[in-house]
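Just need the whole structure built from these sequences, with the hints factored in.
These protein sequence lines are chains A and B, in that order.
Using our numbering, the first residue of the first sequence is number 1, and each one after it goes up by one.
Using our numbering, the first residue of the second sequence is number 1001, and each one after it goes up by one.
Note that these hints are calculated values from the structure, not bench results.
Keep in mind it's a predicted model, so treat the numbers as computed, not measured.
A hint or two may mislead.
Partial list, computed: chain A residues near chain B (C-beta under 7 angstroms) [to be verified]:
id	residue
1	S153
2	L218
3	A296
Computed list of chain B residues with no C-beta within reach of chain A, every gap over 10 angstroms [to be verified]:
id	residue
4	D1006
5	F1024
6	L1031
7	A1032
8	R1035
9	A1036
10	D1073
11	R1089
12	E1129
13	M1130
14	G1151
15	V1203
16	A1225
17	L1284
18	L1288
19	G1295
Note that the Cβ used here is the ideal one computed from N, Cα and C, for glycine as well.
Number of protein chains: 2
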Amino acid sequence: MTTDIDVVVCEVGPRDGLQMLSQFFPTEEKLAWIRAEASAGVREIEVTSFVPPKLVPQFVDAAEVVRGALAIDGLIVIGLVPNLKGAERGVELGVHKLNFVMSVSRTHNLKNVRREREDSIEDFRRIAEMLRTLPAERRPRLIGGLSSALGCSYEGSVPVDDVRRYASALAEAGADELLVADTVGYADPLLVRTAFKAVMAEVGSLPVGAHFHDTRGLGLANVAAALECGVRRFDASLAGLGGCQFAPGATGNIVMDDLCFLLDSMGLRTGVDIDRLLAVREILARNLPQIPLYGALARAGLPRNYLPAAERVQRTAAP
Amino acid sequence: MTTDIDVVVCEVGPRDGLQMLSQFFPTEEKLAWIRAEASAGVREIEVTSFVPPKLVPQFVDAAEVVRGALAIDGLIVIGLVPNLKGAERGVELGVHKLNFVMSVSRTHNLKNVRREREDSIEDFRRIAEMLRTLPAERRPRLIGGLSSALGCSYEGSVPVDDVRRYASALAEAGADELLVADTVGYADPLLVRTAFKAVMAEVGSLPVGAHFHDTRGLGLANVAAALECGVRRFDASLAGLGGCQFAPGATGNIVMDDLCFLLDSMGLRTGVDIDRLLAVREILARNLPQIPLYGALARAGLPRNYLPAAERVQRTAAP
Chain A
1 MTTDIDVVVC EVGPRDGLQM LSQFFPTEEK LAWIRAEASA GVREIEVTSF
51 VPPKLVPQFV DAAEVVRGAL AIDGLIVIGL VPNLKGAERG VELGVHKLNF
101 VMSVSRTHNL KNVRREREDS IEDFRRIAEM LRTLPAERRP RLIGGLSSAL
151 GCSYEGSVPV DDVRRYASAL AEAGADELLV ADTVGYADPL LVRTAFKAVM
201 AEVGSLPVGA HFHDTRGLGL ANVAAALECG VRRFDASLAG LGGCQFAPGA
251 TGNIVMDDLC FLLDSMGLRT GVDIDRLLAV REILARNLPQ IPLYGALARA
301 GLPRNYLPAA ERVQRTAAP
Chain B
1001 MTTDIDVVVC EVGPRDGLQM LSQFFPTEEK LAWIRAEASA GVREIEVTSF
1051 VPPKLVPQFV DAAEVVRGAL AIDGLIVIGL VPNLKGAERG VELGVHKLNF
1101 VMSVSRTHNL KNVRREREDS IEDFRRIAEM LRTLPAERRP RLIGGLSSAL
1151 GCSYEGSVPV DDVRRYASAL AEAGADELLV ADTVGYADPL LVRTAFKAVM
1201 AEVGSLPVGA HFHDTRGLGL ANVAAALECG VRRFDASLAG LGGCQFAPGA
1251 TGNIVMDDLC FLLDSMGLRT GVDIDRLLAV REILARNLPQ IPLYGALARA
1301 GLPRNYLPAA ERVQRTAAP
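See below:
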């Protein structure tokens, strides 16, 4: 299914983009957004979070959103899970991937999921064990997510060796893939290269994705650095919606539209039709008129020489 | 003078940032801006353009701005020159560097300076010859600038071999340094690597700087790619002011404040105090209330773990 693309882009806006909003984004509009992005060619979407609705009322409609998303042909539907209970809900609803999140920063982990990192690893192990009891056709893939891995609003710098160590622990506990996240936008290209090389050397052939925020403008530079390390899966959100309510100063995710343009420009196929993707911003604009929508491409338009990577004749240095 | 820094950042806002504005930016305010940035540690500033004032009235005060800038201790004062006459004005006023600009794109060169590229090379040769007749202490350094080198609003893609060829011609004609410019923000990290490697292989030890625009959000990713090629001099403008009146769709330069943060984050010393640099934005805000000021750092603030590169203990991977 993914042999015709070089890099997977995963839309996380319906989860990461909405979790900070006090305003409820109507369920039908969430599904309109998800359907429109899937139509534009986005293959993976994190559609909701299986946190208790009383903690984050935005996700009270998790079941309905998942059911609607599962009806979309070819879409890989992902749900964030904070614990075993969330994972059980995800399995029951039939999502394709569970994204389990713990923080490499001890303080952020305590604030975000209220436990020590070692306890989070144990939670993860229990989820992996539960999944192993399921028949293969009902078993979602399990993503081990390491948030605040490249910096923390509370602790500042995060040691690369901690990232490596917890990546190793999640891999050993049964992750099908890993996701290293710069939750608050502290990373720079040098740190990205150091951290991803350390993690990838540790976990061998296990796929490692990247989740960057564009808090201080370095998001796409960090993507380019991660690409060089061999990362081929990136989270992003349309128009750069996003943040984390327990990480002060964490503004938006990297902008999905600009990410796809970056990858396309570099000749890497994402499967996404950028014009159709840009048109999806209208759904956000009509539902969130008070929220700033980011994106350089939306402002400047596609360049005159634009050709999707899939149609591009190979760029040559010949005269 | 530059032994305590790793990368030179050159502010081009007073020239590139203002040339599109119909509104005149008061001379004393230009000088306040230039002085404030120099105080913040910016070592090179392109302060004006020696084009005929009837073409660009913004630069009618070129002489006064240059005189004011030359009074700033330690600042390298640069003027853009379109032709021999402009270079003679620059010499007369005593600027430290002349930035001669031609376009690699034939159409853009015709629109921008109204001549064929080969004629621009001849103009450049005449300027270099004129400079050689001057005593060393009065002789400015000559920058050979290649604009629209990585894409053109009129022509689309620009062949890398053309960039290499005109870089070679400028080097041979007497450039002291080169400046490769993505005038309209078409470049991506892959193209940057290809083009800069080609140019640098061609011109040997001649310094090659980069001038990027952030039109489609890839500006800092392109900086990171150029850094890898060995580029150690970057143009930028405070708050991302800028563009080119003859290049439709060319929005701002890369944001100086975000550039300094990127370099600093990567442990590269620029000599710039970022807090003081951010404070200079106030001068733009009060003079250009109608112009959007860009910048992720200005929005998000410095991260908690921020330490200037010069003061940084080496980042280690130890626990």
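Verification of the hints:
The beta carbon of S153(A) is positioned within 7 angstroms of a beta carbon in chain B (closest approach about 6 angstroms), and the interface hint is therefore held. Using the Cβ-Cβ criterion of 7 angstroms, the hint placing L218(A) at the interface with chain B is satisfied: the shortest such distance is roughly 6 angstroms. Because the smallest distance between the Cβ of A296(A) and any Cβ of chain B comes to about 3 angstroms, under 7 angstroms, the interface hint for this residue holds. Under the 10 angstroms C-beta cut-off, the non-interface status given to D1006(B) relative to chain A holds; the minimum distance is some 12 angstroms.
Residue placement check: F1024(B) keeps its beta carbon more than 10 angstroms from all beta carbons of chain A (closest about 26 angstroms). The claim that L1031(B) is not at the interface with chain A holds, since no C-beta of that chain comes within 10 angstroms of its own (minimum 28 angstroms). Non-interface status of A1032(B) relative to chain A is upheld: no Cβ of that chain comes within 10 angstroms, the nearest being about 26 angstroms off. Distance check for R1035(B) against chain A: the nearest CB is about 26 angstroms away, which clears 10 angstroms, and the non-interface claim stands.
Listed as a non-interface residue, A1036(B) keeps its Cβ farther than 10 angstroms from every Cβ of chain A; the least gap is roughly 22 angstroms. Once the 10 angstroms rule is applied to beta carbons, D1073(B) is consistent with being away from chain A; the minimum gap is 31 angstroms. Distance check on R1089(B): its Cβ is at least 34 angstroms (rounded) from any Cβ of chain A, clearing the 10 angstroms threshold; non-interface status holds. Look at E1129(B): its CB is around 29 angstroms from the nearest CB on chain A, clear of 10 angstroms, so calling it non-interface holds up.
Against chain A, the non-interface label of M1130(B) holds: every CB pair exceeds 10 angstroms, the least being about 32 angstroms. Not every CB of chain A is more than 10 angstroms from the CB of G1151(B) (nearest about 6 angstroms), against its label as outside the interface. Distance to chain A confirms V1203(B) as a non-interface residue, since its nearest Cβ pair spans about 16 angstroms, more than 10 angstroms. Distance to chain A contradicts A1225(B) as a non-interface residue, since its nearest Cβ pair spans about 6 angstroms, not more than 10 angstroms.
Once the 10 angstroms rule is applied to beta carbons, L1284(B) is consistent with being away from chain A; the minimum gap is 17 angstroms. Separation of L1288(B) from chain A is adequate, the least Cβ-Cβ distance of about 18 angstroms exceeding the 10 angstroms criterion. Not every CB of chain A lies more than 10 angstroms from the CB of G1295(B), the least distance being 7 angstroms, so the non-interface label is violated.
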